[in-house]
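Protein chains: 2
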Amino acid sequence: MIKVSIQYPNKAGARFDADYYVNKHMPMALKLLGDAVKSASVEIGISGALPDQAPPFVAMCSFVCETVQDFYDAFLPHASLLQGDIAVYTDIEPVIQMSEIKLSS
Amino acid sequence: MIKVSIQYPNKAGARFDADYYVNKHMPMALKLLGDAVKSASVEIGISGALPDQAPPFVAMCSFVCETVQDFYDAFLPHASLLQGDIAVYTDIEPVIQMSEIKLSS
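Protein sequences, first through last, are from chains A and B.
So the first sequence is numbered by this note's numbering: it starts at 2 and just counts up by one.
So the second sequence is numbered by this note's numbering: it starts at 2 and just counts up by one.
Each hint should be verified, as a subset may be incorrect.
One copy or any two copies: either way a pair holds, since identical chains are not told apart in the list.
[Said to hold, decoys possible] Taking lysine-lysine pairs in the DSS-like style, the calculated list, with each CA pair at most 30 Å apart, reads:
#, residue 1, residue 2
1, K25, K12
2, K39, K25
3, K103, K32
4, K103, K39
It is worth saying that the hints were derived from the structure and are not from the lab.
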């Protein structure tokens, strides 16, 4: 299994509409990606390691799929719609990563 | 529920022993943290968004707990042991974040 991680760096002065991201964008993404996504998580940053540290990322999400190709196959038909929607909630360029899941509990 | 994310930036020339991390360090961490961790995931980076891009992080893990305080209470008694073990597998300083889980499927 693989995980697609999409993370928005916490930048001073940047715009991020967490309500739109959590309640509009991500539900739309999950609906469009369909059965290729086996599980998903959406998070909003609280802090760094310690309570008085800013979170490195203002928001992050992850999609678990069987293979990277499965994700591409599900995402590419909707790429324009999903990527075009990003500007609605943020001006931050996300950091995107494909990883292999080694342990999961 | 909250998620603790610990991510190791992919730096040229840095050292990271993925085998030790996945098979020794993380099982030890999960055992020591005990019931405070409701679920966990350990990943090794494959690529960026596209197959020819390097992954932003060489490895990442996450712990899901009820509260940030639950994580601190479980982690602090073992902080010296767990943090001291990092040098065994890497010379990369991890990026650590506490986040609130907003959607989980």
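Evaluate K103 and K32 at a C-alpha cut-off of 30 Å and name the case that applies: within, between, both or neither. Both ways: K103 and K32 sit 27 Å apart in one copy and 17 Å across, limit 30 Å.
At 30 Å max between alpha carbons, let me know whether K39 reaches K25 within a copy, between copies, both or neither. So K39 and K25 pass the 30 Å test inside a copy (20 Å) and across (27 Å) alike.
Within a copy, between copies, both or neither: which one fits K103 and K39 at a CA-CA cutoff of 30 Å? both (16 Å within a copy, 17 Å between copies)
Reference check for the pair K25 and K12, CA-CA at most 30 Å: within, between, both, or neither? within (22 Å within a copy, 35 Å between copies)
In this structure, every one of the numbered hints holds.
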